[in-house]
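Colleague: When you get a sec, could you build the whole thing from the sequences and use the hints?
If you read the sequence shown in the numbering used here, its first letter stands for residue 264, the second for the next number, and so on.
Simulated from the structure, these hints should not be mistaken for lab results.
Just so it is clear, CB atoms sit at the ideal spot from N, CA and C, and this is done for glycine as well.
Careful, some of the hints might be misleading.
Using C-beta positions, here's what the derived DEER-type ranges look like [to be verified]:
#, residue 1, residue 2, range
1, Asp385, Pro319, 23 to 29 Å
2, Asn305, Leu384, 22 to 28 Å
3, Pro323, Asp493, 22 to 28 Å
4, Arg436, Ala414, 20 to 26 Å
5, Ala358, Ala399, 38 to 44 Å
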Amino acid sequence: MSRPTLGLIGGTGLNAFEERWETLDVDTPYGAPAAPLRVVENDSMRILFLPRHGDPHRFPPHAVNYRANLWALKQAGAEAILAVNAVGGIHPRLATGHFCVPNQLIDYTWGRDSTFFETDLDFVTHIDFSEPYDSALRQKLVEVLVSRSIAHSPSGTYGVTQGPRLETAAEIRRMEMDGCDIVGMTAMPEAGLARELNLPYVCLALVVNPAAGKAAGPISMADIEAVLSDGMDQVQSVLSAFVASL
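Modeller: Given below as structure tokens:
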């Protein structure tokens, strides 16, 4: 019996299990993915890791070829997707260093290639996107965070901005009024494309800074990098336990 295959999409700061991977080049109708897939297998599972921004980190959020990334993972056998995202914290409970397993999102992006259902169609396709994240995978991820006593929120709304600049304080105030708990730049169209490919999708978001206007001073990239360095050790631990739970 074949082993299940999990697609793992890493964002800023995550370069998971690099020494254990074999690379796999995948061609797609939408061009090349951000980097060759890295494949690792054990007795129970096969994992396909894709660095979202390339290797090295060279594609800004608005320029990521999300369609090629998701298509490559599906073509290589992925049956579900776990995405890791670095985000800013809007809600007070989501302080720097906390994790969030969002259950909703609001898309503020524009101009991105956001669907596979675009041209040469036999009929128009509309996906149900009421619940953008898979509830069963979310529950497993929350259980792992609880078991490790890691500070987290088991739900939240992810506001997705265009980037690559960070947001203004006024934009964050608007997003807070809209109900956003965290802010980032990469959840869309990634989540929507996964749904179009019938890939269950879940997000593990690490808060790396207070959102604009939520701290006394300006946002420091040095501070963000320090949080990423510390937080990614926890991310690696959570990922290992999540894979074991599957």
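Colleague: Each hint: holds or not?
Modeller: A quick look at each hint next to the structure:
1. Asp385 - Pro319: 23 to 29 Å: Cβ of Asp385 to Cβ of Pro319: about 41 Å, so the range 23 to 29 Å is violated.
2. Asn305 - Leu384: 22 to 28 Å: Hint violated: Cβ distance 40 Å, outside 22 to 28 Å.
3. Pro323 - Asp493: 22 to 28 Å: With Cβ atoms ~24 Å apart, the hint holds.
4. Arg436 - Ala414: 20 to 26 Å: 25 Å, holds
5. Ala358 - Ala399: 38 to 44 Å: For Ala358 and Ala399 the Cβ distance comes to about 28 Å; the hint is violated.
Hints 1, 2 and 5 from the earlier list are contradicted by this structure; the remaining hints agree with it.
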